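Asker: The whole structure should be built from the sequences, with the hints applied where relevant.
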Amino acid sequence: MNFKKEALLFIFAGFILGSVATFVFIKTLEKKNAPLPQQEVSQTIPSKSPSVDSISADEHFEMMQNFIKSAKENPDDIKSRITLGNIYYENGKFKEAIMWYEEAYKIDPQNTDLLVDIGACYRAEDPKKAIEYFDKALAIDPQKQQALYNKVIVFLFDLNDIKSAKESFKKLEEKYPNLPMIEQLREELKKAETEK
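Here the sequence shown is numbered in my numbering, starting from 1 and rising by one per residue.
Please note: incorrect hints may appear among the correct ones.
Under the rule of at most 25 Å between Cα atoms (straight-line distance), these lysine-lysine pairs were calculated in the DSS-like manner [stated by the list, open to error]:
{"id": "1", "residue 1": "Lys106", "residue 2": "Lys79"}
{"id": "2", "residue 1": "Lys136", "residue 2": "Lys95"}
{"id": "3", "residue 1": "Lys106", "residue 2": "Lys129"}
{"id": "4", "residue 1": "Lys79", "residue 2": "Lys69"}
What follows is a set of in silico ranges between Cβ atoms, one per label pair, in the way DEER data are often shown [unchecked claim]:
{"id": "5", "residue 1": "Asp126", "residue 2": "Ala57", "range": "29 to 39 Å"}
{"id": "6", "residue 1": "Pro75", "residue 2": "Gln145", "range": "24 to 34 Å"}
{"id": "7", "residue 1": "Asn74", "residue 2": "Glu174", "range": "41 to 51 Å"}
Just so you know, these hints were derived from the structure itself, not from any lab.
Only a predicted model underlies this, so the values are computations on that prediction, with no experimental measurement involved.
Virtual Cβ for every residue (Gly too), placed ideally from N, Cα, C.
Answerer: Take a look at the structure:
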């Protein structure tokens, strides 16, 4: 596996649902010709939900509809919003994921995981905005490892800003010298400098 793929995997780490749940949900919606949840609604599956293997496609669809309903009826239901954000994120529907994450963020504005997740969603289309969200997370928690790491990745691979990548790497290395990816990041930075 190359470094860029490993970096992407690290960014995506920590999400509640696996790709299997997302696939089943999307296929069920397609099968029923049902639209994806509307943007004014937000809903998620609790982390203690039954395993995907024990749920039929119809049960999964019904469960998702119940979460959407719950989110509509309960403006403080952060778990549903985060889970829906995760489902959309894992399915590559970043605009929809951002909408759900931002709704959850309104409920818990100190949640640095949400800021990192929103930043990860912005990475593909607006890497500068991704950096803004990683910086917001770091303003709340200067030790936020994933935000520090993601900044290096976005500066290096998406913005081709080697100077900023090196500055971010230095902060990451100071705080997390034993992080397994440190040596690979160092090599990628050296490689980028020689290619420039």
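Asker: Could you run down the list of hints and mark each one as holding or not?
Answerer: Taking the hints in turn, this is what the structure says about them:
| no. | hint | verdict |
| --- | --- | --- |
| 1 | Lys106 to Lys79 | holds (13 Å) |
| 2 | Lys136 to Lys95 | holds (19 Å) |
| 3 | Lys106 to Lys129 | holds (18 Å) |
| 4 | Lys79 to Lys69 | holds (13 Å) |
| 5 | Asp126 to Ala57: 29 to 39 Å | holds (35 Å) |
| 6 | Pro75 to Gln145: 24 to 34 Å | holds (31 Å) |
| 7 | Asn74 to Glu174: 41 to 51 Å | holds (42 Å) |
Of the numbered hints given earlier, the model fails none.
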